[in-house]
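Undergrad: Each chain, written out:
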Amino acid sequence: MTATAVNAPDESMTPVQAGPASEPFIAARAGRSPRYGAKPAQPTSLIILIIAGVLFLLPIAAMVIFSFRSNQGGYTVGHYLDVFNPALEYTYDGLFVGIQNSLGLCVITVAIILVLLLPVMILTELRYPRLRRVLEFVCLLPITIPTVVLVVGFIPVYSVLSQLLGSDAWTLGFAIGVIALPYAYRPIAVNLAGVDVVTLTEAARSLGAGWLPVLWRVVIPNLRRGILAACFITIAVVLGEYTIASFLSRTTFQTALVLIQHSDPYVAVIFSLIALLLAFVLLLAIGRLGAIRPRSKD
Amino acid sequence: MTALASNRGAGVTPRRRGAPSPRRAATGWIGLIPFSVYALLFLGIPAVLAIASGFFTSGGAFTISNFSAFGDPVILKDLVGSLGLSAASAILGAVIGALVCYAMLGMNPEGWLRTIVDSAASVLAQFGGVMLAFAFIATVGNQGLIILILKQVFGENAVSSPIYTVPGLTLVYLYFEIPLMVLTFMPALEALKPAWGEAVATLGGSRWTYWREVGFPILAPAFFGCMILLFANAFSSFATAAALISQGGIWPLDIQRALTSETVVGHENEAGVIALGMIVVMVVLMSAYGVLQRRAARWER
Amino acid sequence: MNKRYLAGAAVLAVAALALTACSGTAGASTNAGSTKTLTLAQAQKATSVADFGGMAGLVAAATKEGHLNVITLPPSWANYGQIIQGFEKKYPGIKINSANPDGSSADEVAAAKAQKGQSTAPDVFDIGTAVMNQNLDLFAPYKVQSWGDIPADYKDADGLWYYDYTGLMSVGYDTKKFPGGVKKIDDLLGADFKNSVAIKGDPTAANEAASAVYMAALQSGGTADDVQPGVDFFQKLKKAGNFLSTLPTQATVASGETPVVIQWSFNNVAWGPAAGSAGNPNWKTVVLPGAGLGSYYNQTINADSPNPAAARLWEEYLYTPAVQNLYLAAGAYPAQLAAMEKAKTVDAATLTKVGAAPKDFVQLTADQATKAATLLSSKWAAAVG
Chain Z
1 MTATAVNAPD ESMTPVQAGP ASEPFIAARA GRSPRYGAKP AQPTSLIILI
51 IAGVLFLLPI AAMVIFSFRS NQGGYTVGHY LDVFNPALEY TYDGLFVGIQ
101 NSLGLCVITV AIILVLLLPV MILTELRYPR LRRVLEFVCL LPITIPTVVL
151 VVGFIPVYSV LSQLLGSDAW TLGFAIGVIA LPYAYRPIAV NLAGVDVVTL
201 TEAARSLGAG WLPVLWRVVI PNLRRGILAA CFITIAVVLG EYTIASFLSR
251 TTFQTALVLI QHSDPYVAVI FSLIALLLAF VLLLAIGRLG AIRPRSKD
Chain C
299 MTALASNRGA GVTPRRRGAP SPRRAATGWI GLIPFSVYAL LFLGIPAVLA
349 IASGFFTSGG AFTISNFSAF GDPVILKDLV GSLGLSAASA ILGAVIGALV
399 CYAMLGMNPE GWLRTIVDSA ASVLAQFGGV MLAFAFIATV GNQGLIILIL
449 KQVFGENAVS SPIYTVPGLT LVYLYFEIPL MVLTFMPALE ALKPAWGEAV
499 ATLGGSRWTY WREVGFPILA PAFFGCMILL FANAFSSFAT AAALISQGGI
549 WPLDIQRALT SETVVGHENE AGVIALGMIV VMVVLMSAYG VLQRRAARWE
599 R
Chain S
600 MNKRYLAGAA VLAVAALALT ACSGTAGAST NAGSTKTLTL AQAQKATSVA
650 DFGGMAGLVA AATKEGHLNV ITLPPSWANY GQIIQGFEKK YPGIKINSAN
700 PDGSSADEVA AAKAQKGQST APDVFDIGTA VMNQNLDLFA PYKVQSWGDI
750 PADYKDADGL WYYDYTGLMS VGYDTKKFPG GVKKIDDLLG ADFKNSVAIK
800 GDPTAANEAA SAVYMAALQS GGTADDVQPG VDFFQKLKKA GNFLSTLPTQ
850 ATVASGETPV VIQWSFNNVA WGPAAGSAGN PNWKTVVLPG AGLGSYYNQT
900 INADSPNPAA ARLWEEYLYT PAVQNLYLAA GAYPAQLAAM EKAKTVDAAT
950 LTKVGAAPKD FVQLTADQAT KAATLLSSKW AAAVG
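Protein chains in written order, with the working numbering: chain Z, 1 to 298; chain C, 299 to 599; chain S, 600 to 984.
Keep in mind the hints are simulated off the structure, nothing from the lab. Bear in mind the structure is a predicted one, so any value in this text is a computation, not a measurement. Hints may be right or wrong, so weigh each one.
[Claimed, not checked] These stretches of chain C come out as covered by chain S in the derived footprint (C-beta under 8 angstroms, 3 or more residues):
(1) 328 to 335
(2) 406 to 415
(3) 438 to 445
(4) 532 to 542
[Stated by the list, open to error] The list that follows gives simulated cross-link-like pairs (lysine-lysine, DSSO-like), each with its CA atoms no further than 27 angstroms apart:
(5) S:Lys970 x S:Lys688
(6) S:Lys775 x C:Lys375
(7) S:Lys712 x C:Lys375
(8) C:Lys449 x S:Lys712
(9) S:Lys688 x C:Lys449
(10) S:Lys793 x C:Lys449
(11) S:Lys712 x S:Lys688
We put the beta carbon where it would ideally sit given N, CA and C, even for glycine.
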């Protein structure tokens with residue numbers, strides 16, 4: 001089982017090598033093939049993942065338990081019913097607007113990453129390898145300056161920008177795109193380092209492909225993992241961003257959540273849990289969509 | 299500057315024979331422009347403005363007196379706190395994250411488990427601030443689930459919560475550092491070609507040989523690159539810390555205090571100076587990483 | 600996949616630009632028609648209701664603007680949740696945007712400067728005195744209709760700023776955990792209070808936390824001129840292991856993580872039984888006997904307010920007995936309390952419940968506050984760090 005699994009994910013070999021993977025050379029001992037290569041044994045994998053899973057679910061479980069706690073001692077579902085409490089309605093308005101704005105910001109920020117960052121990274125890899133270090137520094141810069149300080153610098157830029165484009169929430173996308181740069185850069189860079197893009201493009205070009213098909217059908221599919229990871233993490237950055245939105249007084253999901261915290265802490269915890277769940281489901285859907293594609297290509 | 303000349307100067311391996319013509323090289327430069335404009339407008343200018351504020355007094359006069367902030371023992375103590383916390387969470391996060399990635403290698407990459415772990419990692423990597431602090435208070439705070447259980451076992455006064463000190467914050471930071479590591483390091487692990495595993499096995503090496511001779515050296519640049527990202531992430535985050543150690547102890551909290559204090563007003567420009575300090579630390583780190591990178595570069599092409 | 604994202608982003612960008620063009624500028628309001636309609640610039644300079652042609656004209660102008668931007672007003676702070684809801688009910692055409700509830704007074708000023716000229720800039724401020732005095736050029740003078748009911752030393756003669764409410768520094772604690780209660784401040788040094796006592800942040804950053812230190816100073820033999828005994832008290836507290844560095848919130852009070860909180864009385868009250876199922880039913884608020892410490896906050900209007908009529912309507916609304924009683928119900932003593940008691944417009948039941956306003960509480964003057972701040976910035980971190 002390990003033998004075939006080893007060769008299945010190796011997409012970096014397309015289009016040079018197609019078809020099913022070759023069997024390993026080592027003769028199998030009776031009933032068991034010897035393990036080699038990077039993959040761990042199934043039991044080891046499972047143990048590590050289960051321990052990690054349990055540890056990470058602990059704080060979430062604590063939040064869930066808290067949301068059921070009654071302040072009289074004991075437990076109640078009353079807080080979940082409070083979510084529909086009309087007294088909190090005026091904060092819900094803000095929540096819906098915030099969710100809308102945040103989703104729009106997700107689209108814009110991911111677009112910035114894919115349209116601005118990705119081509120530059122590919123270009124640098126193919127043509128200007130010396131600029132790689134410069135690009136890395138530029139992309140890591142936002143994370144070295146705390147957002148609180150960077151916002152001070154955003155103010156003049158946004159005063160000019162708001163005269164051109166208005167003060168709506170979607171204009172935050174540019175600032176959040178900058179904040180997301182370091183996180184989006186790393187998965188794509190790691191993927192680029194692992195895939196020999198130069199050889200692939202040279203091979204494709206020597207077979208007569210133009211630049212656009214080369215990019216679209218050779219480079220991008222090999223970078224699919226990195227691109228997908230970059231998109232995931234950009235969306236997470238947008239959904240979790242609070243400082244810039246609060247400083248520029250725009251309504252996003254996080255700012256609306258903070259407002260609710262001051263009305264009812266139990267409801268705030270419930271909304272945070274719902275937000276985590278929704279983001280998780282959203283990313284799961286995107287991930288499955290991204291995973292389905294290669295099979296149709298074969 | 300033609301592409302040919304840049305190739306010679308780059309020290310790149312002689313594999314790059316088909317150098318593009320000068321005409322295409324000019325077209326290539328154009329591709330860099332949109333990103334450069336964006337980076338200049340939304341990163342370069344704000345960064346310069348933010349740091350430059352450290353060189354001016356609140357009245358607008360140029361000065362270097364703000365640098366006296368580095369003589370303040372509190373600022374220095376907080377630097378140590380910041381560095382220690384970031385280093386601990388980066389190293390631990392990187393190691394544990396790499397371990398989780400390793401475990402995931404054994405799973406089907408197109409399967410549900412991978413997608414679930416990816417999505418969970420994305421969501422948790424940005425889960426921070428007051429909610430994360432509260433989640434940890436509910437778990438390992440003085441009245442948290444785990445501490446209450448421990449108190450029943452070991453006695454009421456034997457146990458107290460670890461998360462209200464700067465070193466104890468590491469535990470909380472790991473909660474978003476490990477998912478970040480998983481997200482950014484996984485593509486590197488997947489790039490390990492199975493052919494190398496087969497080659498080692500054919501030559502009679504054990505799995506430990508594989509890891510020692512092939513796996514670790516190849517993964518080292520990506521591993522340390524991701525660790526630096528983790529360090530930078532921990533170094534500059536402050537929302538979670540503000541909720542747990544509100545009395546200060548790390549540099550980002552000092553920056554926030556300088557910028558938004560209601561009691562000690564007029565020190566906003568110190569924030570720019572401390573931010574400059576943070577950038578200096580990161581530049582030093584990146585240079586060290588660059589040296590490491592060059593040594594491992596022979597594996598990349 | 601790249602192309603699809605490109606297309607989607609392009610469509611969205613076009614749509615967004617179109618929408619922006621349609622929505623236009625939310626703040627500017629020029630309208631031909633009735634005689635007393637003011638332009639934006641004129642409304643920003645209005646100093647009383649008369650400039651709008653009376654209350655009706657003000658309400659009409661504000662409704663036309665349609666928005667009000669407020670900042671740093673958490674719903675559970677001095678009943679602002681109910682006050683905001685009440686305003687929206689009374690004037691249904693005006694939508695209130697509440698930004699940055701966790702912010703400080705410095706955040707308000709920063710937002711005003713950062714968003715100058717934008718439609719999201721804050722219209723009104725509820726701001727502490729220290730920060731306000733440094734930024735007087737940001738405010739526009741305005742005198743509400745009930746101007747005379749505000750005592751003379753509670754307001755600026757020109758109408759640039761006016762007190763709104765004050766609380767008293769109080770100790771809130773969980774009666775289930777501490778049935779003996781807290782009678783004097785030194786009780787908090789006892790062994791029962793291990794890992795229990797929290798203040799609202801860092802005194803060198805937050806006014807409320809600094810006021811906790813000032814109160815401790817007054818209770819420990821210090822004066823408004825010398826708050827060192829307060830710093831000493833917290834040092835003792837830390838040494839005894841009783842001081843918690845976590846930031847107390849309604850959630851931590853409900854979960855029992857911060858069983859003792861020293862903060863403004865109106866906040867302690869808001870987190871207790873008054874919050875119903877969202878609060879801690881065993882939470883008791885006690886103002887320690889002896890000299891009380893208070894600090895009036897101020898109301899001001901942004902000189903560059905994008906919704907100037909709505910801003911002025913908000914001030915008129917705040918200085919009506921109905922809303923002043925709402926402040927009182929939260930435990931925040933409003934500026935017009937004395938006048939209301941005289942005119943019998945104060946809600947007697949609430950007054951009995953909350954207790955009469957203390958006749959002599961200490962409020963630090965600007966100089967004393969600066970002196971205390973200098974002391975804190977040099978001594979606090981060493982004492983508690």
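Undergrad: Take the hints in turn and mark each one as holding or not.
TA: Now for the hints, and whether the structure bears them out:
Figure legend: the segment 328 to 335 of chain C, annotated as covered by chain S; annotation inconsistent (0 residues with Cβ-Cβ distances under 8 angstroms, at least 3 required). By the rule of at least three residues with a Cβ nearer than 8 angstroms to a Cβ of chain S, the coverage given for the segment 406 to 415 of chain C is violated, with 0 such residues. Restraint check on the segment 438 to 445 of chain C versus chain S: 4 residues with Cβ-Cβ distances below 8 angstroms, three needed, restraint holds. Coverage of the segment 532 to 542 of chain C by chain S holds. Counting CB-CB distances below 8 angstroms, 3 residues qualify, and the rule asks for three or more.
Proximity of Lys970 (chain S) to Lys688 (chain S) is assessed by CA-CA distance (about 44 angstroms); at most 27 angstroms being required, the pair is judged violated. For the proposed pair Lys775 (chain S) and Lys375 (chain C), the alpha carbon gap of about 39 angstroms is over 27 angstroms, so the pair is violated. For the hint linking Lys712 (chain S) to Lys375 (chain C), the alpha-carbon distance of about 33 angstroms lies beyond 27 angstroms, and the restraint is violated. For the suggested pair Lys449 (chain C) and Lys712 (chain S), the alpha carbons sit about 51 angstroms apart, so the restraint of at most 27 angstroms is broken.
Proposed proximity of Lys688 (chain S) and Lys449 (chain C) is contradicted: the alpha carbons are some 50 angstroms apart, above 27 angstroms. At most 27 angstroms may separate the alpha-carbon atoms for a hinted pair to count; Lys793 (chain S) and Lys449 (chain C) meet this at roughly 14 angstroms. For the suggested pair Lys712 (chain S) and Lys688 (chain S), the alpha carbons sit about 30 angstroms apart, so the restraint of at most 27 angstroms is broken.
Taken one by one, the earlier hints fail for this structure at numbers 1, 2, 5, 6, 7, 8, 9, 11, listed in ascending order.
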